[in-house]
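A.B. asks: Chains as they are written, first to last, in the working numbering: chain D, 1 to 328; chain A, 1 to 304.
Calculated directly from the structure, the hints in this document are not laboratory data.
A virtual CB, placed ideally from N, CA and C, is assigned to each residue, including glycine.
Hints may contain errors.
Covered stretches of chain D, going by a simulated chain A footprint (3 or more residues, C-beta under 8 Å) [unchecked claim]:
(1) 249–263
(2) 271–280
(3) 293–302
On the chain D side, residues computed to face chain A include the following (Cβ under 10 Å) [stated by the list, open to error]:
(4) I43
(5) F44
(6) T45
(7) R69
(8) T72
(9) I84
(10) Y144
(11) A285
Covered stretches of chain A (chain D as the covering partner; in silico rule of three or more C-beta atoms under 8 Å from a C-beta of chain D) [unchecked claim]:
(12) 30–44
(13) 77–86
(14) 152–162
Here is how the chains run, residue by residue.
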Amino acid sequence: MQLVLGLTSGMQLRQIHDLVNIAGKMNIRKVWVGDDITGAHEIFTLVSTIMLKHKNIVAGIGVTSPLIRNITTIARASATLAQIGGDNHFRLGLGIGGLQDLRKLGMTARNPACALRSASTLLREIWKSEKVTFEADDFKLNHYRSSVNVDRPISIFFGVRGPRLLNLAGEIADGIVLSGPTTYLRKAITLVRSSIERSRRSVEDFTFVIWVPTMLVRQRSDLGLVKKIVAYVLSDTPKSVLEMAQLDLGKVEMVKKAGERHGIAYAARLVDKALLHESAVQGDATQVCESLKGFERMGVQEVVFGPPYGSKPRVALTEVANAWRDYA
Amino acid sequence: MKFGLGVNVNETTTEVVEKCVEAERLGIDYVWVSDVPVQLYAPAVVAAIAENTRKIRIGLGLISAYLHTPRHIAQSLVTLVETYGERFELCIGPGDRDLLRRVGVSLKHPEGVQHYFKDVKHQIKTMLKEKGIDCRLWLGAQGPKMLEAAANFDGVWLNYAHPDHVKWALETVKMHCKRSLQFGVYAPSYVYSDFDSEIGRLLEINSAVVALGASDAVLRRLNLYDLVKEGKHRLREGATMKSVINCVPSKATELFSISRPSDKLKGYLAQLSATGVQHVVFSYPQNYSLKTVRELALALKRQH
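So here's chain D without its partners, still in its complex pose (with noise of 0.2 Å):
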């Protein structure tokens, strides 16, 4: 199992390159980068410059939304991406975007498991410069055909949480980024690995990565930092997903409701340890890597550190990737 970084375009910019640089010296090789969508950075022009920067780094998207952009943009970035990163293969992660996000973008996902598959099914087709026409689920192609050259394949990954979405990426997906409680965690790996089964698929040939809130706890006025990440994850996580993690449902609710009337500040003062506990990867080193080591176990082969890290990001990335090097 490897340790990957996990980066969003609404970070700063140089605390970006910053971290991509730390990664590389740490023997960090691959790079996420979740599009924070109303953050200050175009999600597909952050990873070229990542991609240009630090020439040994493998980059994905993870992920971004094909209801935000014309299906034909996400194909060809993707491609002039897999161009620019050569042989580090550039992955790409697709899923319907964060309630909150669509809700401020005045956007709603009418059936994302439809809207998923057929925008896996056009970008594989755009990407082999196929003759397309489609008209359905958002997405409307009349007789187009790309010209971009795709020579190396480019792989999908979603992000995706509910169990529908979790069956379709192991139908069809090469891989999926989770995110959720650890009991939530456990139960998806071993949906999506059924559905991979079923669809005569092999397991061997699919890659899981976690992407959970992880971060360098060294005091205690760390841990306000990560309750209020983990209040507004749990505010933006489907009811599907907190029964799957047999979560106290009452507790959560009281959680986004303190967040919708007082801000996440108040609402991360209601995230008891227990919460906690399931929805982020906290602690000194050696017990963030002991949690992320916890993850192969249940078959992944990829954990992502970040955000948010620590009070000191850099110091945390340092830390952390030399615990991981001693542990491995």
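Chain D is fixed; fit chain A onto it per the hints.
C.D. replies: Showing chain A alone in chain D's frame:
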């Protein structure tokens, strides 16, 4: 006058970068990277060029404001400027009608194109300003409505090349705008010392593509409407661009492109300059090979 090379048509990122490095070495003022819905994604190509060059100015555009949201366009610019410094210019416009239809994008906007582009420009400028970025924002325009909309921008790129029509366009813009704007011609080009018929054919095709994408108002003004309408109709019915190219008369090459032996370029540029044009971008197939890039650079040196 400032001169640029148009890139990102039928090339890989490696080839684009190689030609832009050469353009910088040869003293061309800037490169412009168009974003066409069937070609490489321009913002990422711009990043690759910026990573491999030091000072040449790089234009992102024309990028369709119907295909991309103002937020995504502004976010791309922010990423580029914060990574590589203030070396960038931006040109937005509607984009190629046929290709937009093929990717399911509607060009109809109830509030009218003038208002639509004014609003897009405002959104992009506001987002850039929030990040402390001041970037020249161009509009790619052709017909009367877009030329009117250009009055709100820092500059306007015209994609026809005949001096008479350029003069008309500039006068139209000036009727709606009292401040001083930058004017440029961004056209399919082939400036050569030894004519290569294969590249000449590519120029004809690219000029025909521009003609087929032109608005009815522009085609009527250029007396091309009746000659081109059959091709436009067939495109709407789903025919491929290749199969309708022959419907476009060769006159389109003359009106929509710059095709000159290098020793005749000077006179043409003087004519453009007399109309008020300050910028010229030589686009596909001028970027066909390193040789054609060098031929252009040499012709421009002679011009100086």
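A.B. asks: All the hints need checking, so say for each whether the structure fits it.
C.D. replies: Okay, the hints, checked on the actual structure:
1. Residues of the stretch 249–263 of chain D lying with their CB closer than 8 Å to a CB of chain A number 0, which falls below the three-residue condition for coverage.
2. Note: the stretch 271–280 of chain D has 0 residues with beta-carbon separation from chain A under 8 Å; the three-residue rule is not met and the coverage is violated.
3. Counting residues of the stretch 293–302 of chain D whose beta-carbon sits less than 8 Å from any beta-carbon of chain A gives 0, not enough to reach three: the coverage restraint is violated.
4. For D:I43, the interface hint holds, the least distance from its beta-carbon to any beta-carbon of chain A being 8 Å, beneath 10 Å.
5. At a threshold of 10 Å, the smallest CB-CB gap from D:F44 to chain A is about 6 Å, leaving the interface hint in force.
6. Here the hint on D:T45 is kept, as its CB sits about 4 Å from the closest CB of chain A, short of 10 Å.
7. Of the supplied interface hints, the one on D:R69 holds, with its beta-carbon coming within about 7 Å of a beta-carbon of chain A, less than 10 Å.
8. Hint status for D:T72: holds, given a least beta-carbon distance of 5 Å to chain A, under 10 Å.
9. With a least beta-carbon distance of about 6 Å to chain A, the hint placing D:I84 at the interface is held under the 10 Å criterion.
10. Hint status for D:Y144 relative to chain A: holds, with the closest Cβ pair at about 5 Å, below 10 Å.
11. Residue-level restraint check for D:A285 is violated (minimum Cβ-Cβ distance to chain A is 31 Å; threshold 10 Å).
12. Coverage of a stretch by a chain is defined here by at least three residues with a beta carbon nearer than 8 Å to that chain's beta carbons; for the stretch 30–44 of chain A and chain D the count is 7, and the condition holds.
13. With 5 residues carrying a beta carbon less than 8 Å from a beta carbon of chain D, the stretch 77–86 of chain A meets the three-residue requirement, and the given coverage holds.
14. Only when three residues or more bring their CB closer than 8 Å to a CB of chain D does the claim for the stretch 152–162 of chain A stand; here the count is 0, and the claim is violated.
In summary, the numbered hints that this structure violates are 1, 2, 3, 11, 14.
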